[in-house]
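Visitor: Sequence lines, in order, name chains U and B.
Just add 268 to the spot in the first sequence (first one is 1) and you have the numbering used here.
Just add 359 to the spot in the second sequence (first one is 1) and you have the numbering used here.
Rather than coming from a laboratory, the hints here were simulated on the basis of the structure.
A few of these clues could be false.
Computed from the model, here is a short list of chain B residues facing chain U with C-beta under 10 angstroms [what the hints assert, rightly or not]:
{"hint": "1", "residue": "Leu513"}
{"hint": "2", "residue": "Pro517"}
{"hint": "3", "residue": "Ser582"}
Simulated crosslink set (SDA-like; lysine to any residue; CA at most 25 angstroms straight-line) [as the list claims (entries may be wrong)]:
{"hint": "4", "chain 1": "B", "residue 1": "Lys529", "chain 2": "U", "residue 2": "Lys446"}
{"hint": "5", "chain 1": "B", "residue 1": "Lys639", "chain 2": "B", "residue 2": "Lys553"}
{"hint": "6", "chain 1": "U", "residue 1": "Lys270", "chain 2": "B", "residue 2": "Leu576"}
{"hint": "7", "chain 1": "U", "residue 1": "Lys446", "chain 2": "U", "residue 2": "Phe361"}
{"hint": "8", "chain 1": "U", "residue 1": "Lys426", "chain 2": "B", "residue 2": "Asp543"}
{"hint": "9", "chain 1": "B", "residue 1": "Lys529", "chain 2": "U", "residue 2": "Thr271"}
{"hint": "10", "chain 1": "B", "residue 1": "Lys639", "chain 2": "B", "residue 2": "Val568"}
{"hint": "11", "chain 1": "U", "residue 1": "Lys270", "chain 2": "B", "residue 2": "Met632"}
{"hint": "12", "chain 1": "B", "residue 1": "Lys529", "chain 2": "B", "residue 2": "Gln606"}
{"hint": "13", "chain 1": "B", "residue 1": "Lys529", "chain 2": "U", "residue 2": "Ala276"}
{"hint": "14", "chain 1": "B", "residue 1": "Lys529", "chain 2": "B", "residue 2": "Arg486"}
{"hint": "15", "chain 1": "B", "residue 1": "Lys529", "chain 2": "U", "residue 2": "Ala277"}
{"hint": "16", "chain 1": "B", "residue 1": "Lys529", "chain 2": "U", "residue 2": "Pro306"}
{"hint": "17", "chain 1": "U", "residue 1": "Lys446", "chain 2": "U", "residue 2": "Trp364"}
Even glycine gets a Cβ: it sits at the ideal position worked out from N, Cα and C.
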Amino acid sequence: MKTARIMAAIVLVLAGAAALGAHYLAPAGYEQQFRMSPDAPPSTQHLLGTDDLGRDRMARLLYGTRVSLFLAPIAAGIATILAAFFGGMAGYFGGWVERCALLFVDLFLSIPWLFLLITVRAVLPLNISPQNSVIITFLLLGFLGWAASARVICAGTKELMKSEFVWLARASGFSGFKLIRLHLMPNLRGTLLAQFWISVPVFIITEANLGALGLGVTEPLPSLGSLLGELQSVIVLRPHPWQFLPLVILIVVVSCFQTLLNSSEVRT
Amino acid sequence: MWRTLGLALLRLAGIMLLAGLLGGTLIRVAPGFAADERQLDSNLSSQSIQAVRQARLSDSNIPRFYAGYLASLVRGDLGTSQMLNQPIRDLLRERLPITLRNLALAVLLAWVMGLALAAATQLTGSRLLTSTAEGLSGTFISTPAAVLALVFVLLRLPPELAAALLVFPKIYRYCHNLLRQGYDRPHVLTALAKGAGRWRVLVWHVAPVSLPQMLALLGVSISLAIGVLLPIEAICDVSGIGQLAWQAATGRDLPLLVNLTLVVTFLTASATMFSDLARKTMTRSEV
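Full structure from sequences and hints, please.
Guide: Right, here's the structure in full:
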């Protein structure tokens, strides 16, 4: 199991390094068109061939991996902060504050995550710049994906509020911000980190779902999701093995995250 | 018991009311809400265009729209779809059974696969089987629903199987861990040490302990299946609620979207509520 985790970490580091070095590995960039060779098969010039518009598939895959791999943690960070705020508030105050916060959390959990996301994404403008579409997509993931984590953090905070050291701190006159900063936050750090790392692969997959449905990052900027969206026409018309590489990369990256998170505490 | 059920139903009603309001508000604040593509239809007379515009404006006040909607709902009138120009009640009557059938099949298949694999890995203790099951669940948990739906379209496989394959990893992993924890309990270890067969131990000692938590997972698995059925129905062209939701979201059909949000929320929240109630009842009766 330890070997699998080390392997997963190595693969993730390699994928991250390749995505970061996309500029050097694929100097042509993700939007340059080679109009003389549209839809070309793999060659020494284009390792994964070109797409319908003559753009280098390898460059698009590397830049797409960069977008998904580095923006999903930002979205996960936003979701974790929101979850810490709502969950922590509910656990700290208890009573009607907890009931209201948990009703709000239940509301978010009752509407299937993808349904909510597609609805919200669909009501936002579609004719926006690619850069804005990236920001909107990942902000949405962050702002809508906090509910499940909030429940865990609420339970953790409630448990801490019952602990002896918190009682002692309160008896000593600690309250409000000081209690949260000195006693609750340090003890919740592990839970928050776990929730953060659980959210990252979930957000990568969700972005891929949105992209495959045409509601994610817009052209010409690639992401793993928008590259998967291209499969829709590819699968129906003429599937070639190398066109499935974005899917393979996605599965490998998410599986590596799952392997790293593969502990019984996280799973159950 | 009755008090718990009453409170749960009250909570369900509150969540549904809020969900409907949330759905309506989202569409109202969306850019281009007041615009309707029928206004550009040159075949329509100026009176018709005015009527279309008026219909849109009447929906623009969310509290008024929602209050009116709830009043109609009590009378059994769910309104008319702006996009499909059909009574929403008829649309739901046509499409809900298809989705419910797909949902039931997907959840059943996912549970059969997940539970069978989890039990088999525990019973045999085979590392090869465990690795295969882990690999399978890892692959499907990492595959986007939309992409699997595309592959299923290509291979002409049933869409409910795609939904089942996407839900099964959660069930397998959770059940696998629950059963493993069950086998680690002192009374189970004692039974095994005394020579009780693994099947017998599973049925009489491990399963009863794990059952309440598995019931809680049932509600979650239904919610998961509804979530993955949305892109699957949209891509596999299955005329269910998922496809309708997709059309309503892209067509910004406020009345239809509010109704669908309520239906989906009702299905999810009631599944979670009943599985939670069953778990609580079972735990209480054990105590």
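Visitor: For each hint, tell me whether it holds in the structure or not.
Guide: Hint check:
1. Because the beta carbon of leucine 513 of chain B sits about 5 angstroms from the nearest beta carbon in chain U, less than 10 angstroms, this interface hint is met.
2. With a least beta-carbon distance of about 17 angstroms to chain U, the hint placing proline 517 of chain B at the interface is violated under the 10 angstroms criterion.
3. Of the supplied interface hints, the one on serine 582 of chain B holds, with its beta-carbon coming within about 6 angstroms of a beta-carbon of chain U, less than 10 angstroms.
4. At roughly 40 angstroms between alpha-carbon atoms, lysine 529 of chain B and lysine 446 of chain U are farther apart than 25 angstroms, so this suggested pair is violated.
5. The straight-line distance between the Cα atoms of lysine 639 of chain B and lysine 553 of chain B is roughly 32 angstroms, outside the 25 angstroms bound, and the hint therefore fails.
6. With a C-alpha separation of about 29 angstroms, the suggested pair lysine 270 of chain U and leucine 576 of chain B falls outside the 25 angstroms cut-off, and the hint is violated.
7. A C-alpha spacing of about 15 angstroms is found between lysine 446 of chain U and phenylalanine 361 of chain U, which places the hinted pair at or below 25 angstroms, so the restraint holds.
8. Of the pairs offered as hints, the one joining lysine 426 of chain U and aspartate 543 of chain B is violated, with about 28 angstroms between alpha carbons and a cut-off of 25 angstroms exceeded.
9. With a C-alpha separation of about 24 angstroms, the suggested pairing of lysine 529 of chain B with threonine 271 of chain U holds against the 25 angstroms cut-off.
10. Simply put, lysine 639 of chain B and valine 568 of chain B have alpha-carbon atoms about 13 angstroms apart, close enough for the 25 angstroms limit, and the pair holds.
11. Taken as a hint, the lysine 270 of chain U and methionine 632 of chain B pair is broken in the structure, with Cα atoms around 39 angstroms apart against an allowance of 25 angstroms.
12. Taken as a hint, the lysine 529 of chain B and glutamine 606 of chain B pair is broken in the structure, with Cα atoms around 29 angstroms apart against an allowance of 25 angstroms.
13. A distance of roughly 20 angstroms separates the Cα atoms of lysine 529 of chain B and alanine 276 of chain U; the hinted pair therefore holds under the 25 angstroms criterion.
14. A distance of roughly 20 angstroms separates the Cα atoms of lysine 529 of chain B and arginine 486 of chain B; the hinted pair therefore holds under the 25 angstroms criterion.
15. Taken as a hint, the lysine 529 of chain B and alanine 277 of chain U pair is honoured in the structure, with Cα atoms around 23 angstroms apart against an allowance of 25 angstroms.
16. A hinted pair counts as satisfied when its Cα atoms are at most 25 angstroms apart, and lysine 529 of chain B with proline 306 of chain U does not qualify at roughly 41 angstroms.
17. Straight-line distance between C-alpha atoms of lysine 446 of chain U and tryptophan 364 of chain U comes to about 23 angstroms, which keeps the hinted pair within the 25 angstroms bound.
Checked against the numbered hints listed earlier, the structure breaks hints 2, 4, 5, 6, 8, 11, 12, 16; every other hint is satisfied.
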